[in-house]
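Engineer: What follows is each chain in one-letter form.
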Amino acid sequence: MIRSLSLILFLSLFSSISEAQDTIYKRNGNIRKFNNSFITSGLGVAYHYIHDPMATPLLYRAAGVKYGQIGYRERGVKRYNISEVLIGMSALNDTEFGTYYYQSYQFTMKAHYEKYYKYGKKFFHDRIQWWPGAGVDLLINDRYNPALGNSGHYYDYSLSLSAGTRFESGFTLFKREFRLAWQLNMPLLTAITRPNFAGINNFVTGNDDEVLQQYSDNMRLTSLNRYFLLRSTIELSYPLGNRNMLMLTYQWQGQNYYHPDYKLQSTYSAVMFHFIFKLDKNKNL
Amino acid sequence: MKKLLILTGLGVLLIGLTISCRKLIIEEPVDNTPTANFEYLWSQINDKYSFMEYKNLDWQLVHDKYKPLVNDNMSPYQLFDVLENMTNELRDGHANVFSPYRTSNYLPVFTSSPVNFNSDLLFRKYILRDPKNYFEIGPFLLTKWDTLGVKVGYLRYNSFQQPVSDNDMETALRFFNGTDGLIIDVRSNGGGAPDNIFAIAQHFCTQKTLAYTSFLKSGPGAKDFTEGEEAWIEPNGTKYNNRVAILTNRSCFSATSFFCVTMRNLPQVRMVGDSTGGGLGAPSGGQLPNGWSYRFSVTQTLSPETDVNGQRYNWEDGVPAHILIDMNPLDEANGFDTILERGIQYIITGN
Numbered sequence: 001m002i003r004s005l006s007l008i009l010f011l012s013l014f015s016s017i018s019e020a021q022d023t024i025y026k027r028n029g030n031i032r033k034f035n036n037s038f039i040t041s042g043l044g045v046a047y048h049y050i051h052d053p054m055a056t057p058l059l060y061r062a063a064g065v066k067y068g069q070i071g072y073r074e075r076g077v078k079r080y081n082i083s084e085v086l087i088g089m090s091a092l093n094d095t096e097f098g099t100y101y102y103q104s105y106q107f108t109m110k111a112h113y114e115k116y117y118k119y120g121k122k123f124f125h126d127r128i129q130w131w132p133g134a135g136v137d138l139l140i141n142d143r144y145n146p147a148l149g150n151s152g153h154y155y156d157y158s159l160s161l162s163a164g165t166r167f168e169s170g171f172t173l174f175k176r177e178f179r180l181a182w183q184l185n186m187p188l189l190t191a192i193t194r195p196n197f198a199g200i201n202n203f204v205t206g207n208d209d210e211v212l213q214q215y216s217d218n219m220r221l222t223s224l225n226r227y228f229l230l231r232s233t234i235e236l237s238y239p240l241g242n243r244n245m246l247m248l249t250y251q252w253q254g255q256n257y258y259h260p261d262y263k264l265q266s267t268y269s270a271v272m273f274h275f276i277f278k279l280d281k282n283k284n285l
Numbered sequence: 286m287k288k289l290l291i292l293t294g295l296g297v298l299l300i301g302l303t304i305s306c307r308k309l310i311i312e313e314p315v316d317n318t319p320t321a322n323f324e325y326l327w328s329q330i331n332d333k334y335s336f337m338e339y340k341n342l343d344w345q346l347v348h349d350k351y352k353p354l355v356n357d358n359m360s361p362y363q364l365f366d367v368l369e370n371m372t373n374e375l376r377d378g379h380a381n382v383f384s385p386y387r388t389s390n391y392l393p394v395f396t397s398s399p400v401n402f403n404s405d406l407l408f409r410k411y412i413l414r415d416p417k418n419y420f421e422i423g424p425f426l427l428t429k430w431d432t433l434g435v436k437v438g439y440l441r442y443n444s445f446q447q448p449v450s451d452n453d454m455e456t457a458l459r460f461f462n463g464t465d466g467l468i469i470d471v472r473s474n475g476g477g478a479p480d481n482i483f484a485i486a487q488h489f490c491t492q493k494t495l496a497y498t499s500f501l502k503s504g505p506g507a508k509d510f511t512e513g514e515e516a517w518i519e520p521n522g523t524k525y526n527n528r529v530a531i532l533t534n535r536s537c538f539s540a541t542s543f544f545c546v547t548m549r550n551l552p553q554v555r556m557v558g559d560s561t562g563g564g565l566g567a568p569s570g571g572q573l574p575n576g577w578s579y580r581f582s583v584t585q586t587l588s589p590e591t592d593v594n595g596q597r598y599n600w601e602d603g604v605p606a607h608i609l610i611d612m613n614p615l616d617e618a619n620g621f622d623t624i625l626e627r628g629i630q631y632i633i634t635g636n
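Line order of the protein sequences matches chains A and B. Counting in this note's numbering, the first sequence runs from 1 upward without gaps. Counting in this note's numbering, the second sequence runs from 286 upward without gaps.
These aren't lab readings, by the way, just hints derived from the structure by calculation. Just so you know, these numbers come straight off a predicted model, no measurement behind them. Backbone N, C-alpha and C fix where the C-beta goes; we use that ideal spot for every residue, glycine too. Incorrect hints may have been included.
[Unchecked claim] Rough simulated footprint, nothing fancy, chain B against chain A, three-plus residues with beta-carbon under 8 Å: (1) 78-86; (2) 119-128; (3) 131-144; (4) 197-206; (5) 265-272.
Kindly generate the complete structure, drawing on both the sequences and the hints.
Structural biologist: Now the structure itself:
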């Protein structure tokens, strides 16, 4: 019951903080409101390593995984909100043999809502801006290994409250203004659900409703002592006309769930190209 | 240019740093030696197998028996033999090791029992007795006979892997409308999807009825199980309330045993033939360090029926028939299916 309530609390928090934000901007002595919003969309490839000892001691990898991303960003003078959904499918092979005989498949969905605030003090004559922040992360990994029959379905679904930090620096190259950003995110409080000890839902009862119940029953609330995730994102933005942008990102993520019976370890590296479309006509930012 | 070099260097440094973190996150996989594979499978069964106590197994003793047979110079084929023999100590048809070239299976349940099923005889002498009355509806073979003025329907279901739709059942029961009783022949049905149990059974009950209770392994201790999860059948669609004989043999396994546990508790139903082969533990598995996969039972099932002490039955070794009877070789030679004839007798006489 407590776990279910935690999940509901997290979900409601996720929905309540995703309201739109205006930017207060001062021009010619007058306070004016600007809504600097962007739609982002991206495509890329990733490389995964997954070690899920509940299913096997083998280390699985996936190369050339295709990812798609859509997002919404709001940027102001002192605030920066990032909302993103990223979806990917991958075919996993074990690293020991690299064969397709026991190939697994993984569906991944990541959703982030992050809020950053610009730190007032200047670093290196304001060449680097620091944006500390926080966010909510939803991570869904669903793996299926057909060779394992009834127990071929393994998953980790987690919802986290995270701390984040973002460093930005603008520079001019080839007479163009680029922006380089490095962002780190780390969950501090996570609700995670994994398959039960036996590795299967009790499918013989003929009651499909119990699947959701199983997710809830196996949910655990954890912190850094049990669950560690670090996401590092490097962004290089290249301005196009009308304040639209091209962005190249490299993202690395390491995940480690330490629970002795439900252990999970994974890393992920992705390179993505994004188009960033400015939604409003304001040219001041 | 200098700026570009600095940026490139910084980018490479950051990417390199994060990539090198992989080994901090992911521990090294266990060795892929015959010993490591043996120990891994042994410990998985030790922690998760659901009938350790019911079958009175000393799993440490099994370890001590087979460990000396394992060495790191043995071939994969030799290792497979050891793992097969070890899992066969569980005496469970749901305990298997799957390699690219062979699958282990516990066969004595089937091989040491009478076959009690002759498909050729069944087709020639019974199913095709009146070809105009023979139909194939979904996964079912249907026919009906008039025996001494009693109309008997016959439904053959070969495998629970074949899905049963509402339409299949409704069509079949329309076909059996007006019959005095029905024979459901699931002999040598090796199991499949449990959903089909409920799709069939819901037409034979008049009220919500407990089918069985299932307990899932929840920890490494022999008594670590979840609270029982109850499986119910609820009346739905066309009802068939006349006598039903379910024909069984020892090759009825897994979902077929679940079906028999569900149906034998209904008042108009009698199981005729031999006990089923069991398989009332739902299997779960994984992969060994060498890539082979395995599975074994991780649930227990209790029947809604109780013994004189009020204890619910655990029929993992086979669901018993109400009317225990084997095929008589003499009958078989003369073109009679002893078990089927006994089923017809139950429908005619109620005994």
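Engineer: When the structure is checked against the list of hints, which entries are broken? Sort them ascending.
Structural biologist: 1, 2, 3
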